[in-house]
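Visitor: Sequence:
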Amino acid sequence: MLPPFMRLNEEIYKQFKSKTGQIAVLIDPEKTHELSVLKRIVEKSAFANVDYFFVGGSTVMRKDFQNTIAILKSLTEIPVVMFPGDFQQLSRDADALLYLSLLSGRNPEYLIGQHVKSAKEVLQLNIEVIPTAYILIDGGTQSSVAYVSQTSPIPKNNSSIALNTAIAGILKGNKVLYFDAGSGAKNSVDSSLIKEVKEHLEAVTIVGGGVRTLEQIQELEKVGTNVIVVGNKIEEDIDFLLDVQNYKQTN
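Residue numbers for the sequence shown, in our numbering: 41 to 291.
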């Protein structure tokens, strides 16, 4: 029998599924950990009607990860979702955990090894766990996650591999597809790929990496992306959240 949290608690997953064009702000505690900076991001994110905070990074230490989530939870009611880079990045203060399997790579450590290391702790957190197929797409630069995981992203122009990987992920029981071009990507995931995936699968899709313009957000929403993740752009220009607010108001 599944534990109660896996049978009953699907609040965040249902929210993901409820509509397209939702916005998540990605916070990397290694880059953004000072209270004053987090307060500013939270205030502008609330004004912009952002839907989620995702927290994680490729090399974040447990203490910084947990402190960042604790601060966010003290400042906002916007859901905080763990987007972990390794098995240490866990906190019982978060609202949900994206339980990531890196399906685009062939490194067993990120397919199952990290999960085995953290399994008991995840079970004891008693929070919502969302099985997620994590699929890296080439964003024009070597991303931190590709380097740390020692895997190669799927070539940007090879949609058939990406589509088959996504289908395999759903058939294996994942509930969410997360397509990521990586932190600091030059190019975001093509909206045409998401359109093709949606033609074959009725699955919740999240897209991140290289999202820097409202035009990209609009294109991704148009093809049915449920959650669009913005990270580096906000680190560089926090006032982009004002543009997001205007966009959400008019759509």
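Take these hints with a grain of salt, some might be off.
List time: in silico BS3-like cross-link candidates among lysine-lysine, alpha-carbon distance up to 25 Å [unchecked claim]:
id: 1; residue 1: Lys103; residue 2: Lys57
id: 2; residue 1: Lys84; residue 2: Lys235
id: 3; residue 1: Lys157; residue 2: Lys84
id: 4; residue 1: Lys196; residue 2: Lys54
id: 5; residue 1: Lys196; residue 2: Lys273
id: 6; residue 1: Lys212; residue 2: Lys273
id: 7; residue 1: Lys79; residue 2: Lys57
id: 8; residue 1: Lys212; residue 2: Lys238
id: 9; residue 1: Lys235; residue 2: Lys59
id: 10; residue 1: Lys262; residue 2: Lys113
id: 11; residue 1: Lys71; residue 2: Lys212
id: 12; residue 1: Lys57; residue 2: Lys215
id: 13; residue 1: Lys262; residue 2: Lys226
id: 14; residue 1: Lys288; residue 2: Lys262
id: 15; residue 1: Lys262; residue 2: Lys215
id: 16; residue 1: Lys235; residue 2: Lys212
id: 17; residue 1: Lys59; residue 2: Lys157
id: 18; residue 1: Lys226; residue 2: Lys57
id: 19; residue 1: Lys196; residue 2: Lys157
id: 20; residue 1: Lys262; residue 2: Lys71
id: 21; residue 1: Lys288; residue 2: Lys59
By construction, these hints were calculated from the structure, which means they are not laboratory data.
Visitor: If any of the earlier hints don't hold here, list their numbers in rising order.
Guide: Per hint list: 1, 2, 3, 4, 6, 7, 10, 11, 17, 18, 19 and 20 violated.
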